[in-house]
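Q: Residue numbers (the numbering used here), protein chains in the order written: chain P, 5 to 115; chain C, 8 to 118.
Don't take each hint at face value.
As the list claims (entries may be wrong) - In silico DSS-like links for lysine-lysine, alpha-carbon gap of 30 Å or less:
id, chain 1, residue 1, chain 2, residue 2
1, C, Lys-64, C, Lys-21
2, C, Lys-21, P, Lys-5
3, C, Lys-51, P, Lys-72
4, C, Lys-16, C, Lys-64
5, P, Lys-5, C, Lys-64
6, P, Lys-46, P, Lys-5
7, P, Lys-46, C, Lys-51
8, C, Lys-16, C, Lys-51
9, P, Lys-5, P, Lys-72
10, P, Lys-72, C, Lys-21
11, C, Lys-51, P, Lys-5
12, C, Lys-64, P, Lys-46
13, C, Lys-64, C, Lys-51
14, C, Lys-51, C, Lys-21
Source of the hints: derived by calculation from the structure; they are not laboratory data.
From a predicted model like this one, the values you see are computed outputs, not experimental measurements.
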Amino acid sequence: KQEVTQIPAALSVPEGENLVLNCSFTDSAIYNLQWFRQDPGKGLTSLLLIQSSQREQTSGRLNASLDKSSGRSTLYIAASQPGDSATYLCAVITGANNLFFGTGTRLTVIP
Amino acid sequence: NAGVTQTPKFRILKIGQSMTLQCAQDMNHNYMYWYRQDPGMGLKLIYYSVGAGITDKGEVPNGYNVSRSTTEDFPLRLELAAPSQTSVYFCASQGDLGDYTFGSGTRLTVV
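Go ahead and model the full structure; you've got the sequences and the hints to work with.
A: Below, the structure written as C-alpha cells:
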C-alpha cells in the first residue's frame, strides 16, 4: 500500500522567508501528485498538480517538484506571507479511486 | 465556475435520525468521491462513483449509502446516525488530468 509522509509536521517561519515542504512516497508507480492547502475548519484548496511525466510546476510564489525515482516531491514557497499559514497536504494519485494523502505540514508565518 | 458544491455546511443530528448530504459538480467529471475527516486525522474514502449509475464502497462505507443518478449529483445518505459519524464530510470530483477538486465540506455533529 502506498504510504505518503510529510516532513516537517509543523513549521514556523518569519514573514518573508523562503521555505520548503517535503513529501515522500513509498511506491514510485504514481499517476499524479497534487498539493493542497487546508485552512482551519475549511475545505481543501488545490495548489498544484504535477503529472507523472513532469518534473515541476509553478504558480505564482509556489513551485512544486517531483522526483518519481526517489519517491519525493517538494513544495517551495517564496517570500512567505502570514496568509500562507495553513496545513499543506501532499496527495499521491495512483489511478482512479486511489488517492493517498500525506500527514500534512502545519505552516505558521509570523508577521 | 462553481466547481464542487456541498450542502448543508453544518448540521446537528440526533442519534438515529437520517439525513442526506448533497454534492453537485458542474465540471462534467465522471469520477466523484465522498471522504470523511475526523479531527486531527487524514481523509478516509467512504464511497466513490466512476459514472452515472455506478457506485462502489471505499475504506469506511458502513452506515452510509450513495446514489449517482446523474453525472452532476452524488448524494451521501446516513440512515441511522451514530455519534461515531460525527465528522467533516468532503465531496470531490476528479478531472481528466487526474486532478481532484474538493467541496468546502459539511460539518456533521451527532448527539
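Q: Tell me if the straight-line CA distance from Lys-64(C) to Lys-21(C) falls inside 30 Å.
A: holds, 25 Å
Q: Is the hinted pair Lys-21(C) and Lys-5(P) satisfied, with a Cα-Cα distance of at most 30 Å?
A: Violated, because 37 Å separates the two Cα atoms, which is more than 30 Å.
Q: For Lys-46(P) and Lys-51(C), compute the direct alpha-carbon distance and say whether it is at most 30 Å.
A: The hint holds at about 16 Å.
Q: Verify the proposed pairing of Lys-16(C) with Lys-51(C), using a straight-line Cα cut of 30 Å.
A: Holds: Lys-16(C) and Lys-51(C) sit about 19 Å apart, inside 30 Å.
Q: Would you check the hint for Lys-51(C) and Lys-21(C), treating anything up to 30 Å between C-alpha atoms as holding?
A: holds, 23 Å
Q: Is it true that the CA of Lys-51(C) sits at most 30 Å from the CA of Lys-5(P)?
A: holds, 14 Å
Q: Just to be careful, I want the Cα atoms of Lys-16(C) and Lys-64(C) compared with a cutoff of 30 Å; is the pair within it?
A: holds, 24 Å
Q: Just to be careful, I want the Cα atoms of Lys-5(P) and Lys-64(C) compared with a cutoff of 30 Å; is the pair within it?
A: It holds: about 18 Å lies between the C-alpha atoms, which stays within 30 Å.
Q: Would the pair Lys-64(C) and Lys-51(C) pass a check requiring their Cα atoms to be no farther apart than 30 Å?
A: The given pair, whose Cα atoms are some 12 Å apart, holds under the 30 Å limit.
Q: Taking only the CA atoms, is the gap from Lys-72(P) to Lys-21(C) under or equal to 30 Å?
A: Measuring from Cα to Cα gives roughly 47 Å; hence the hint is violated.
Q: Would the pair Lys-5(P) and Lys-72(P) pass a check requiring their Cα atoms to be no farther apart than 30 Å?
A: Since the Cα atoms of Lys-5(P) and Lys-72(P) sit roughly 16 Å apart, the hinted pair holds (cutoff 30 Å).
Q: Is Lys-51(C) close enough to Lys-72(P), meaning Cα to Cα at most 30 Å?
A: holds, 25 Å
Hint check: violations occur at hints 2, 10; the rest are consistent with the structure.
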